[in-house]
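Novice: Build out the structure end to end from the sequences listed, making use of the hints.
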Amino acid sequence: MERILLKPGTSIKGRWYGGEYRVLKPIGSGGTAEVYLVRDLSDWKEYALKLGGDMAGVEREYKALSGLSSIDYIPRVYVRDDCTIEGWNRYFFVMEYLEGENLKMLCRAGRIPQRTAVETAAVIAVICMLLNRRGLYYCDIKPENLVFDKKTGSLYLVDFGGVVGERQPVTQFTPVYDRAGWGRGKRIADEGYQTFALLMMLVDLLLGGIPDVGRDFGALRERIGKTRLSKNLKKVIIKGLEQENHSLEALVSDLRRALCPAAGDGDEFNRCSNDALINAGLAASAAFFVMVLILIL
Amino acid sequence: MPMELKEIIVISDGKSNVGENPAKAAFLAHRKGIIVNAIGIMGSGEAEEPYIELEGIAKVGGGICDIIPLSMLDYSVQMVTMRSVQMTIERAVSRQLRNITGYSLEDMEPDSRARILEYIQRMGNEVSLKCVVAIDCSGSMKSRIKTALGSMQDLLISLKTRKGRSCLGIVAFPGRGGREGRVISGFTDDFDELTKRLKRIKVGGPTPTHAGIVRASRLFDGEDLTLYTEEGSRWQPVVEGPPPEAEEERPFIL
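In the order they appear, the protein sequences are chains A and B. Heads up: the first sequence at position 38 corresponds to 38 in our numbering, and the numbers run straight through without jumps. Just add 297 to the spot in the second sequence (first one is 1) and you have our numbering.
Just so you know, these hints were derived from the structure itself, not from any lab. One thing to keep in mind: the hints can contain errors.
To spell it out: a stretch of chain B is covered by chain A in this simulated footprint if at least three of its residues, at any positions, have a beta carbon under 8 Å from a beta carbon of chain A; those stretches are [said to hold, decoys possible]:
1. 380-394
2. 406-412
3. 417-431
4. 448-455
Distance condition first, Cα-Cα at most 30 Å in a straight line; then the derived BS3-like pairs of lysine-lysine [stated by the list, open to error]:
5. LYS186/A with LYS329/B
6. LYS356/B with LYS13/A
7. LYS499/B with LYS142/A
8. LYS356/B with LYS7/A
9. LYS142/A with LYS460/B
Beta carbons: idealized from backbone N, C-alpha and C, even for Gly.
Specialist: Listed below in structure tokens is the structure:
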């Protein structure tokens, strides 16, 4: 499969549904596809266009995104189509353009405060729970896939190429966040898999990298135990990493409790229903991200 | 529709320097219905040339080529394998479709082919799969072999998540005399056995990629299905019974 990077000014013409888009600049690339900022020549607005040579992959991602259009925190998707580029068949879909930076870029600009990192992990867990209920498991949790949109001040989960159904094989993941690579369970989509990835990302953010211990889980646990993180937080992280069947709901309440131990005693969180938990999480997140932007940018 | 997919994954960090052009072996393997994929490990400051050879192997072998830094190897091996399976089924279905209707998948409107793509994805997970990793064990791989072995264990982790039956064989090149390929393990889905066998890989010598692919492709002919054991420096098929160190283990699944 030849890889072609499009230059600004290139025109992409949809084969079936007639849209025409002009490439303004490349936004990112990874795996089998690239994302471009484009201008739709019919309404002159800016969109993001994901273009790839893998027909099934593009279709799978489009389908996942279009089924989630009612959820905030996920980019809106509009149309998918085929096109021909330099004689090669290519497949694309058009989605909302998020003008912002991903968590990795933000981290590079400066260390993220512990509290912010933990809150971020909790919010992602809540978003994942929402998706899981629709039978879609987002497993490639990593800082690059979390975008803070400057326009709305909100967090978005991007790159749905690796989303699979419950208990299906996970094919897109970050090796150091992958439960199976550490011998802590199978490489299939469930909440335990997501919990592990989420906590590894949190460790990555808090410590500025995953300790270099090969793939020795015992050594990792020991290294985390020796860090200067708060005792409560270390307990939550290690518990979540150790348990193969850890649920996201338990993770969210554990993380909250680690942040404010006093609130945990009343067990107010445990009495909340699943829905209340999700609503509370998302309501908190909107205000919270504005705060993050002010803090970091 | 093939009832069983056959895949070879060639892993190398350099250009073949002994024997014939490896693309020839890949071409012949592909004619037998085997898909040949290639993964190139990038070294520091190496020329582009070795990767052109690997791209050629994947091209005539009907497979995928991925050129990556060493740190990405374990991810790449499982990713190339899984994607190659999908791609192979996609092609086969598209071909069938063209035979029946006169249109291939690409000639169909996205809305109407969506369900066929779903079917293809399900097939990819369910079809039975035989896979051989042909790994370069020449001198230059010395510092990389540990990671490469890890990547094969990682591939096995992914294969185990498939619904369909999957098994993995390992061929190392160079073999004896620096020219041939050497079977490290016939087809197996036994994780522990494979891990044990991987430890026997020795590094050193030239890079006979052609011989490696030939050996890997011969595994599919069924002649190497017995266990192999090392006697002195020679590798011999064990004709009667399992090798002494593997007495209590179950035999390979064929």
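Novice: Indicate, hint by hint, whether the structure satisfies it.
Specialist: Hints, verified against the model:
Counting residues of the segment 380-394 of chain B whose beta carbon lies closer than 8 Å to any beta carbon of chain A gives 4, which meets the minimum of three for the stated coverage. Chain A is given as covering the segment 406-412 of chain B, and this holds because 4 residues of the stretch bring a CB closer than 8 Å to a CB of that chain, at least three being needed. Here the segment 417-431 of chain B counts 3 residues with a CB under 8 Å from a CB of chain A, which clears the bar of 3, and the coverage holds. Coverage of the segment 448-455 of chain B by chain A holds in this model, with 3 residues showing a Cβ closer than 8 Å to a Cβ of that chain against a need of three.
Between the alpha carbons of LYS186/A and LYS329/B the distance comes to roughly 34 Å, so the proposed pair goes past 30 Å and is violated. The hinted pair formed by LYS356/B and LYS13/A meets the criterion: a straight-line CA distance of about 28 Å does not exceed 30 Å. Proposed proximity of LYS499/B and LYS142/A is contradicted: the alpha carbons are some 37 Å apart, above 30 Å. Restraint check for LYS356/B and LYS7/A: the C-alpha separation of about 26 Å stays at or below 30 Å, so the hint holds.
The straight-line distance between the Cα atoms of LYS142/A and LYS460/B is roughly 27 Å, inside the 30 Å bound, and the hint therefore holds.
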